[in-house]
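Kindly generate the complete structure, drawing on both the sequences and the hints.
Note that the protein sequences, when read in sequence, are chains A and B. Residues 1 to 265 in the working numbering are what the first sequence lists, from first letter to last. Residues 266 to 548 in the working numbering are what the second sequence lists, from first letter to last.
Derived from the structure by calculation, the hints contain no laboratory data. Glycine included, C-beta positions come from ideal geometry on N, C-alpha and C. Hints may contain errors.
As the list claims (entries may be wrong) - Computed list of lysine-lysine pairs in BS3-like fashion (alpha-carbon distance at most 27 Å, straight line):
#1 K494/B / K299/B
#2 K454/B / K432/B
#3 K432/B / K386/B
#4 K183/A / K386/B
#5 K432/B / K183/A
Unchecked claim - Which chain A residues face chain B? A few, computed with CB under 7 Å, are given here:
#6 V169
#7 Q171
#8 S172
#9 D179
Claimed, not checked - Every beta carbon over 10 Å from chain B, so not counted as near; a handful from chain A, in silico:
#10 I33
#11 I87
#12 D232
#13 S252
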Amino acid sequence: MADTLGAPSRAATRAAGVLGPVTMVRIAIVAAIVLIWEAAAASGLFYRDVVPSVVAVARALVRVLADASFYWHLSVTMLEIAAALAIGGTAGLVIGIALGGSRLLSKAIEPYLYYLGPTPKIIFFPVLIMLFGIGPGSKVAMGAISCFFPIVLSVAAAMRQIPLVLIRVGQSFRAGPWDMALKVYIPAMRHPIINGFRLGLGIALIGTLLAETKMSNRGIGHLIIQAYALFDMPRMYAMLIILFAFAIGANSLLARAGKADGTMG
Amino acid sequence: MSVLPLPKAQAAADPILAVDDIVMEFPTPDGVVKALDHVSLSVRAGEFLSVIGPSGCGKSTLFNIVGGLQRGYQGRVSIGGEAVEGPHPAIGMVFQEESTFPWRTVLQNVEFPLEISGVAKARRQEMARRFIAMVGLGGFENRYPAELSGGMKQRVAIARTLAFEPKILLMDEPFASLDEQTRLLLGDKVLQIQQELQQTTLLITHNITEAVQLSDRILVMTYRPGRVKRILDIDLPRPRTSETIGSEAFGRFVAQLWSDLRDEATRGMDEQQELMRNAGRGP
Ligand SMILES: Nc1ncnc2c1ncn2[C@@H]1O[C@H](COP(=O)(O)OP(=O)(O)OP(=O)(O)O)[C@@H](O)[C@H]1O
Ligand SMILES: [Mg+2]
Numbered sequence: 001m002a003d004t005l006g007a008p009s010r011a012a013t014r015a016a017g018v019l020g021p022v023t024m025v026r027i028a029i030v031a032a033i034v035l036i037w038e039a040a041a042a043s044g045l046f047y048r049d050v051v052p053s054v055v056a057v058a059r060a061l062v063r064v065l066a067d068a069s070f071y072w073h074l075s076v077t078m079l080e081i082a083a084a085l086a087i088g089g090t091a092g093l094v095i096g097i098a099l100g101g102s103r104l105l106s107k108a109i110e111p112y113l114y115y116l117g118p119t120p121k122i123i124f125f126p127v128l129i130m131l132f133g134i135g136p137g138s139k140v141a142m143g144a145i146s147c148f149f150p151i152v153l154s155v156a157a158a159m160r161q162i163p164l165v166l167i168r169v170g171q172s173f174r175a176g177p178w179d180m181a182l183k184v185y186i187p188a189m190r191h192p193i194i195n196g197f198r199l200g201l202g203i204a205l206i207g208t209l210l211a212e213t214k215m216s217n218r219g220i221g222h223l224i225i226q227a228y229a230l231f232d233m234p235r236m237y238a239m240l241i242i243l244f245a246f247a248i249g250a251n252s253l254l255a256r257a258g259k260a261d262g263t264m265g
Numbered sequence: 266m267s268v269l270p271l272p273k274a275q276a277a278a279d280p281i282l283a284v285d286d287i288v289m290e291f292p293t294p295d296g297v298v299k300a301l302d303h304v305s306l307s308v309r310a311g312e313f314l315s316v317i318g319p320s321g322c323g324k325s326t327l328f329n330i331v332g333g334l335q336r337g338y339q340g341r342v343s344i345g346g347e348a349v350e351g352p353h354p355a356i357g358m359v360f361q362e363e364s365t366f367p368w369r370t371v372l373q374n375v376e377f378p379l380e381i382s383g384v385a386k387a388r389r390q391e392m393a394r395r396f397i398a399m400v401g402l403g404g405f406e407n408r409y410p411a412e413l414s415g416g417m418k419q420r421v422a423i424a425r426t427l428a429f430e431p432k433i434l435l436m437d438e439p440f441a442s443l444d445e446q447t448r449l450l451l452g453d454k455v456l457q458i459q460q461e462l463q464q465t466t467l468l469i470t471h472n473i474t475e476a477v478q479l480s481d482r483i484l485v486m487t488y489r490p491g492r493v494k495r496i497l498d499i500d501l502p503r504p505r506t507s508e509t510i511g512s513e514a515f516g517r518f519v520a521q522l523w524s525d526l527r528d529e530a531t532r533g534m535d536e537q538q539e540l541m542r543n544a545g546r547g548p
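In structure tokens, the structure reads:
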């Protein structure tokens with residue numbers, strides 16, 4: 001073997017049918033959480049059903065997953081988040097490139113973005129309802145505004161990190177602004193862009209769900225707040241678990257997109 | 266008495282690339298740095314001209330100005346008599362720094378200039394493969410730069426610029442990261458390609474042997490501010506084999522350049538040390 005010093009590669013571990021150390025740690029953490037949760041539920045220290053037993057949550061999970069209307073609500077939320085990420089992400093990418101490419105624009109505008117970035121976007125929600133109605137439109141807008149900020153800031157910063165020589169190569173071959181953006185800037189920033197979108201995804205999800213819990217008649221956020229109003233805690237936790245699973249799945253899909261050229265590791 | 270002053274006048278009247286009286290200053294926090302001080306040169310069609318000078322004398326600055334990538338200079342750059350205002354289609358540049366696109370394979374890197382000029386895919390892949398083979402990288406078309414050695418990446422960059430099919434090839438220390446043998450071999454290769462494609466070449470270097478081996482003329486620059494110290498005609502026969510390199514005439518050119526450059530390099534080092542001492546003393 002060539003690398004007798006290094007740890008066995010991940011592929012080799014998988015081929016041998018043994019779980020990698022990362023997977024083992026993850027399983028251990030989940031198991032620990034389940035155990036602590038169950039202990040807390042059994043202890044009776046918490047008010048009524050705030051911490052229901054794991055069994056009750058699992059039962060609720062099965063019930064939710066067997067309910068056809070749940071999938072309709074889930075798809076509403078997923079589409080809202082996808083639209084929010086597409087709109088907020090595209091705007092963030094375009095404006096980020098403009099800011100990163102112009103010292104003037106960046107000096108004039110970026111400070112405001114840094115102040116607005118951490119502001120809870122829910123304060124815009126009443127205005128968004130007036131603009132886009134109480135339907136999915138206002139939820140998409142909430143998600144889009146939320147994810148715009150981390151994406152625009154990470155793209156603007158990444159623009160300034162592009163090695164000057166790569167820009168000069170593009171210019172020396174007489175690439176126009178459009179070719180420069182598509183064939184030099186964006187690919188040169190692929191890793192920060194994907195990281196920006198991963199961050200943006202989480203924030204779009206929070207924004208969209210938060211909007212759904214405020215005023216709506218559909219979506220997972222709506223179901224969660226309904227379960228809470230009925231004090232059906234197991235059902236509420238079941239839906240949070242499903243949401244988590246989706247967020248993790250989407251995130252790892254994005255992460256995989258960044259590894260396509262084998263330079264991100 | 267009608268002797269025509271032909272050869273010299275004709276050569277001077279026929280420069281494909283002319284640099285006239287360039288002055289370039291950079292504002293820095295410690296005052297203005299004069300990188301180029303009234304530099305002029307002209308390159309004839311098909312000529313191989315090298316610019317040699319100590320580190321920091323303004324070679325890359327000159328390279329960027331001729332390539333149309335650096336603004337804010339005084340003076341004039343012209344190609345075929347026409348003033349250059351920006352990147353020119355007749356000029357192809359190979360940069361000093363590592364400049365391959367890490368997200369593109371070797372083939373895709375070399376295709377880049379052809380993509381920009383709108384060549385159809387099949388045609389541009391065929392052309393790219395030809396230039397990749399020319400620099401001796403056939404078989405590596407689908408590798409990413411991260412999988413190549415420094416010298417191989419530099420050859421990809423050279424192939425990419427050749428694919429642009431420039432009339433004038435500008436190269437800024439393209440062989441700096443290579444060992445001596447590879448440097449000689451690749452230099453020969455570039456010379457061969459240059460003659461095949463009838464390109465005019467402006468090579469920036471600080472390697473004396475390389476300059477004498479490859480050039481028709483060598484321009485020696487002074488340390489800051491960069492000025493033209495001397496222009497040497499290298500009238501050695503071509504092709505320059507290893508025998509030529511071992512010859513006495515070759516040795517004389519090397520010795521001449523050595524003494525020129527030693528003076529400049531010494532002056533440069535002294536100046537830099539002086540600067541550091543002054544900075545250390547503080548205000
Ligand atoms: N953008 C810039 N701002 C300020 N000073 C600069 C800038 N570019 C170059 N200089 C200065 O101009 C001088 C010439 O630099 P240049 O890069 O042209 O040198 P060089 O001859 O190519 O050196 P080397 O052989 O080390 O590559 C140096 O003193 C450098 O510090
Ligand atoms: Mg240089």
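Here's how the hints hold up against the structure:
For the hint linking K494/B to K299/B, the alpha-carbon distance of about 16 Å falls within 27 Å, and the restraint holds. Distance hint between K454/B and K432/B is fulfilled; the C-alpha atoms sit about 17 Å from each other, no more than 27 Å. Proposed proximity of K432/B and K386/B is supported: the alpha carbons are some 23 Å apart, at most 27 Å. At most 27 Å may separate the alpha-carbon atoms for a hinted pair to count; K183/A and K386/B meet this at roughly 16 Å.
With a C-alpha separation of about 25 Å, the suggested pairing of K432/B with K183/A holds against the 27 Å cut-off. Taking 7 Å as the C-beta cut-off, the interface hint given for V169/A holds, the closest approach to chain B being about 5 Å. Because the beta carbon of Q171/A sits about 5 Å from the nearest beta carbon in chain B, less than 7 Å, this interface hint is met. The interface hint given for S172/A holds, since its Cβ lies 4 Å from the closest Cβ of chain B, which is under the 7 Å cut-off.
Satisfaction of the interface hint for D179/A is found here, the shortest Cβ-Cβ separation to chain B being roughly 6 Å, below the 7 Å cut-off. Listed as a non-interface residue, I33/A keeps its Cβ farther than 10 Å from every Cβ of chain B; the least gap is roughly 39 Å. The non-interface label for I87/A is consistent with chain B: the shortest C-beta to C-beta separation is roughly 26 Å, beyond 10 Å. At roughly 50 Å, the least C-beta separation between D232/A and chain B is larger than 10 Å, which holds for a residue marked as non-interface.
The claim that S252/A is not at the interface with chain B holds, since no C-beta of that chain comes within 10 Å of its own (minimum 21 Å).
The structure fails none of the hints (numbered hints given earlier).
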